[in-house]
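**Student:** So the protein sequences, as listed, match chains A and B.
Just so we're aligned, residue 30 is where the first sequence starts under our numbering, counting upward by one.
Just so we're aligned, residue 30 is where the second sequence starts under our numbering, counting upward by one.
Nothing false has been slipped in among the hints.
These stretches of chain B come out as covered by chain A in the derived footprint (C-beta under 8 Å, 3 or more residues):
{"id": "1", "region": "96-102"}
{"id": "2", "region": "360-367"}
{"id": "3", "region": "435-447"}
{"id": "4", "region": "474-484"}
{"id": "5", "region": "491-497"}
Only part of the chain B face toward chain A is listed, based on derived beta-carbon distances under 7 Å:
{"id": "6", "residue": "Val277"}
{"id": "7", "residue": "Val310"}
{"id": "8", "residue": "Asn312"}
{"id": "9", "residue": "His395"}
Derived contacts from chain B toward chain A, CB cut-off under 8 Å, selection only:
{"id": "10", "residue": "Ile74"}
{"id": "11", "residue": "Met80"}
{"id": "12", "residue": "Ser347"}
{"id": "13", "residue": "Leu350"}
{"id": "14", "residue": "Arg351"}
{"id": "15", "residue": "Ala396"}
{"id": "16", "residue": "Glu399"}
{"id": "17", "residue": "Ala507"}
It should be emphasised that the hints constitute simulated quantities derived from the structure, not laboratory data.
The beta-carbon is built from N, C-alpha and C at its ideal position, and this holds for glycine as well.
2 protein chains.
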Amino acid sequence: MVTAETAIDKIAQPSRRERGGRNARREQRAHGAQGMGRPFIVRGIPPYDIMAEENLVRIEETADRILAEIGIEFRDDPVALELWRRAGAEIDGVLVKFEPGMLRELLATAPAEFTQHARNPARSVRVGGNNVVFSPAYGSPFVMDLDRGRRYGTIEDFRNFIKLAQSSPWLHHSGGTICEPVDVPVNKRHLDMVYSHIKYSDRAFMGSVTAESRAEDSIEMARIVFGRDFVDRNCVILGNVNVNSPLVWDGTMTLALRAYARANQAAVVVPFILGGAMGPVTNAGAIAQSLAETMAGCALTQLERPGAPVIFGNFLSSMSLRSGSPTFGTPEPAVGSMVVGQLARRLRLPLRCSGNFTTSKLPDAHAMNEGTMSMLAAVHCGANFILHSAGFLDGLLSMSYEKFVMDADFCGALHTYLDGVKVDDNQLALDAFREVGPGNHFFGSAHTLANYETAFWDSEVADNEPFEKWEAAGSADAATRANRRWKKMLAEYEAPPLDEAIDEALIDFMARTGDAMEDAWY
Amino acid sequence: MVTAETAIDKIAQPSRRERGGRNARREQRAHGAQGMGRPFIVRGIPPYDIMAEENLVRIEETADRILAEIGIEFRDDPVALELWRRAGAEIDGVLVKFEPGMLRELLATAPAEFTQHARNPARSVRVGGNNVVFSPAYGSPFVMDLDRGRRYGTIEDFRNFIKLAQSSPWLHHSGGTICEPVDVPVNKRHLDMVYSHIKYSDRAFMGSVTAESRAEDSIEMARIVFGRDFVDRNCVILGNVNVNSPLVWDGTMTLALRAYARANQAAVVVPFILGGAMGPVTNAGAIAQSLAETMAGCALTQLERPGAPVIFGNFLSSMSLRSGSPTFGTPEPAVGSMVVGQLARRLRLPLRCSGNFTTSKLPDAHAMNEGTMSMLAAVHCGANFILHSAGFLDGLLSMSYEKFVMDADFCGALHTYLDGVKVDDNQLALDAFREVGPGNHFFGSAHTLANYETAFWDSEVADNEPFEKWEAAGSADAATRANRRWKKMLAEYEAPPLDEAIDEALIDFMARTGDAMEDAWY
Numbered sequence: 030m031v032t033a034e035t036a037i038d039k040i041a042q043p044s045r046r047e048r049g050g051r052n053a054r055r056e057q058r059a060h061g062a063q064g065m066g067r068p069f070i071v072r073g074i075p076p077y078d079i080m081a082e083e084n085l086v087r088i089e090e091t092a093d094r095i096l097a098e099i100g101i102e103f104r105d106d107p108v109a110l111e112l113w114r115r116a117g118a119e120i121d122g123v124l125v126k127f128e129p130g131m132l133r134e135l136l137a138t139a140p141a142e143f144t145q146h147a148r149n150p151a152r153s154v155r156v157g158g159n160n161v162v163f164s165p166a167y168g169s170p171f172v173m174d175l176d177r178g179r180r181y182g183t184i185e186d187f188r189n190f191i192k193l194a195q196s197s198p199w200l201h202h203s204g205g206t207i208c209e210p211v212d213v214p215v216n217k218r219h220l221d222m223v224y225s226h227i228k229y230s231d232r233a234f235m236g237s238v239t240a241e242s243r244a245e246d247s248i249e250m251a252r253i254v255f256g257r258d259f260v261d262r263n264c265v266i267l268g269n270v271n272v273n274s275p276l277v278w279d280g281t282m283t284l285a286l287r288a289y290a291r292a293n294q295a296a297v298v299v300p301f302i303l304g305g306a307m308g309p310v311t312n313a314g315a316i317a318q319s320l321a322e323t324m325a326g327c328a329l330t331q332l333e334r335p336g337a338p339v340i341f342g343n344f345l346s347s348m349s350l351r352s353g354s355p356t357f358g359t360p361e362p363a364v365g366s367m368v369v370g371q372l373a374r375r376l377r378l379p380l381r382c383s384g385n386f387t388t389s390k391l392p393d394a395h396a397m398n399e400g401t402m403s404m405l406a407a408v409h410c411g412a413n414f415i416l417h418s419a420g421f422l423d424g425l426l427s428m429s430y431e432k433f434v435m436d437a438d439f440c441g442a443l444h445t446y447l448d449g450v451k452v453d454d455n456q457l458a459l460d461a462f463r464e465v466g467p468g469n470h471f472f473g474s475a476h477t478l479a480n481y482e483t484a485f486w487d488s489e490v491a492d493n494e495p496f497e498k499w500e501a502a503g504s505a506d507a508a509t510r511a512n513r514r515w516k517k518m519l520a521e522y523e524a525p526p527l528d529e530a531i532d533e534a535l536i537d538f539m540a541r542t543g544d545a546m547e548d549a550w551y
Numbered sequence: 030m031v032t033a034e035t036a037i038d039k040i041a042q043p044s045r046r047e048r049g050g051r052n053a054r055r056e057q058r059a060h061g062a063q064g065m066g067r068p069f070i071v072r073g074i075p076p077y078d079i080m081a082e083e084n085l086v087r088i089e090e091t092a093d094r095i096l097a098e099i100g101i102e103f104r105d106d107p108v109a110l111e112l113w114r115r116a117g118a119e120i121d122g123v124l125v126k127f128e129p130g131m132l133r134e135l136l137a138t139a140p141a142e143f144t145q146h147a148r149n150p151a152r153s154v155r156v157g158g159n160n161v162v163f164s165p166a167y168g169s170p171f172v173m174d175l176d177r178g179r180r181y182g183t184i185e186d187f188r189n190f191i192k193l194a195q196s197s198p199w200l201h202h203s204g205g206t207i208c209e210p211v212d213v214p215v216n217k218r219h220l221d222m223v224y225s226h227i228k229y230s231d232r233a234f235m236g237s238v239t240a241e242s243r244a245e246d247s248i249e250m251a252r253i254v255f256g257r258d259f260v261d262r263n264c265v266i267l268g269n270v271n272v273n274s275p276l277v278w279d280g281t282m283t284l285a286l287r288a289y290a291r292a293n294q295a296a297v298v299v300p301f302i303l304g305g306a307m308g309p310v311t312n313a314g315a316i317a318q319s320l321a322e323t324m325a326g327c328a329l330t331q332l333e334r335p336g337a338p339v340i341f342g343n344f345l346s347s348m349s350l351r352s353g354s355p356t357f358g359t360p361e362p363a364v365g366s367m368v369v370g371q372l373a374r375r376l377r378l379p380l381r382c383s384g385n386f387t388t389s390k391l392p393d394a395h396a397m398n399e400g401t402m403s404m405l406a407a408v409h410c411g412a413n414f415i416l417h418s419a420g421f422l423d424g425l426l427s428m429s430y431e432k433f434v435m436d437a438d439f440c441g442a443l444h445t446y447l448d449g450v451k452v453d454d455n456q457l458a459l460d461a462f463r464e465v466g467p468g469n470h471f472f473g474s475a476h477t478l479a480n481y482e483t484a485f486w487d488s489e490v491a492d493n494e495p496f497e498k499w500e501a502a503g504s505a506d507a508a509t510r511a512n513r514r515w516k517k518m519l520a521e522y523e524a525p526p527l528d529e530a531i532d533e534a535l536i537d538f539m540a541r542t543g544d545a546m547e548d549a550w551y
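Could you put the whole structure together from the sequences, leaning on the hints where they help?
**Tutor:** What follows is the structure in structure tokens.
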């Protein structure tokens, strides 16, 4: 007789042998992407539309009035001002005002969807439409882990996070400034970062934006890898540029934005609006502002080079009016993202959102409560490129090894989630009900045995064992398990092959390059 | 000159004085509900519909075929069989088969929306439609806290959790068997539980279902509080009855279900489907089964008393095919809930879902990752009554003091989230942009000052302080902060007034009652 327990054994046996690799192998079988999961997700569930048409129109009209009546300053970039003047905007010093509808018209040349090529073609990502790309967190000065606590990031940490991302089947992109490698001189840092992405990962990546020359260096290194002509015709590198909200574009950013556009590479245009500081405390107003600022940045890429790929970005946040501190992963930006998603789709532009946000200083319950809410908002709002998908801690100040592992695992769960609920005869399982009947169990049924390999997401970080077994194994919490896991992943990391001639050419380029901004902190 | 810092001080000053009570008081002003938040949420965002009509129809057709071709067993309840026979079902022993469409027709008499009255009328909850009610977790044999670890629950724990729920402005319901008070004899336990809900809370609550007599005792105690006639005309108590999935209704449950319906009280009808065990491993099949089982239970309430309120319940879960253990808070049930929500709305029945699920043994990152995903699914799928909104740990085996506090705080965040993004002239803030202009900050602007009281959810559990300040205060993690918070809440708890005559009548009833099932563990 098959009891429940022996039936479970029968099912569990093969997966026990495969412990750690079952999900990855299942993905591999399903998608054939060289043993490392899918290159990106094609969502099986629609975005979550929460706002009615008439209110979306009111927000758009408010954005248009901000653009027409208040305007946006473009500082320290005379070329940008000249581009706006020629396009018919009203210029007063550095203040630019736009007739309603003008930016939308300019944006018509921007592609709704494009491919960012990876040096491993199987890893190229499709940005826009129903596609979702998970990319690591970006920009922390500090790193932290349970053993050493918080400290400034180094190039070793930077490489470690690239290796962890490369080792995870659930991330799709190598990211950009994963953490600041402060042990590398500032004038060489962007070179080391881009080189590390190319060397230690075969996924798509982001370049520098902290100066026009650094953006151009980043693109030049991409040309060494992909070839000059290919780069002129295809997107191979992204540059994440921030608005200096409210309503200011700094020259550093527009010069970088235009450098990427000029090279036919994609700028990611992101206002950073902390409500109550760089924007109003009311959500609808902050969203209207975000729309105005982002449209202006995206349109500028089309003035620089019509048809250049560009990503509509979103970074709403709130603040604690009790402490005056910024907050991340709170409900207002989460629900606001859904509206931003609707607005981006009305513009037919690919959308970037932020993922796993939190102000927590530890990879604890607080971190994953805020992070999960924030990440789900990004996924629900229809974001195509989700930056900060893994590692984010302490309001962007720290990159956490343990949280990286937890977040990457959650990205795995989101693959299953975004597949939605499939409906076909096998999934509906009418035969299984006929076989099993009332009051019996499904453990050993033919339907279960035929489907168990593809059934159920199985986290590598969660501990689903019974309490007693968990206790006997040392009562480890999630952070402790994640600590073990990133060490194992680093120990098992294997570098993807890189053509030797390309490697040498990159090293040669780096030796010859390095801008004059020795003293600058970006 | 107003600097950013002094402006923050100006804003933050009043809320600092009010520390801990600002959100509650803001709610009070907005909703006038006796200083304890809103009685329930009226959602401002629509449910998240993820499945197209044609696939919903295929699932409904599969449920109809399960009901017509395989059938459901109704064991140990001859009256239920007789009710089905009279309604025209096909009976073979205890197996009942239903013509397609028959159950839907019976369900037409069930109300789409109803009020469950609380003894404090300001706390009555509206169930169905756009309303959302948060209720604590239900049914754990163990409780745990950071000081004492895991142990069997007692009546003191039971009362503590009622007090914590009563003290939280973000829960709406007192719940039912929050934990098992194992120090009370089984034959008296249901009386002590119902009495505790009435005595220590003035919110709506749930009664016993573990035997028909206990269901009737629970209802009788409600009659003492509300009056016999009132109870006959109004819902004042819920009974949560489980299907013995797959496709079996046990007599214990249908007898309790019919007792509630007979008294015009609402049964909550919930299959417990652990995919791969009590249902197929494929999500669409498990959902079809859930629909079939729930429709049968809900329809039986209408045979017992047409028009009786009833709640369509949902409890999908998965299992780890690696360990054979049940899993909670995983992606399949989360995305499946959205489909169940669509099916419930097509039946025009109020929906119950489960909230903050996890298998974690600690209130850690794992707990809040799974819990947050699970709770958001309940909120997105349009659930009207969310059981297990706070405290759930270890796959329903433990009720955690710390997690209760974290979850209740997250329920607060969800109030803001479910309000959605309001759009009006004040929210759109065009005047604020005119006042502030490009490059300036919004800290001290008239719009910020006019709106800061209602701006931004401010968690009582999250720590948003800068790293250095958090470190200087002892580097506490979220669980440690939650530990301090539940102790403070219990210390400050004040019992709601209870009419002395009612209190005495309840005590008298309990002294006279107590079923004969001394030895039974339900």
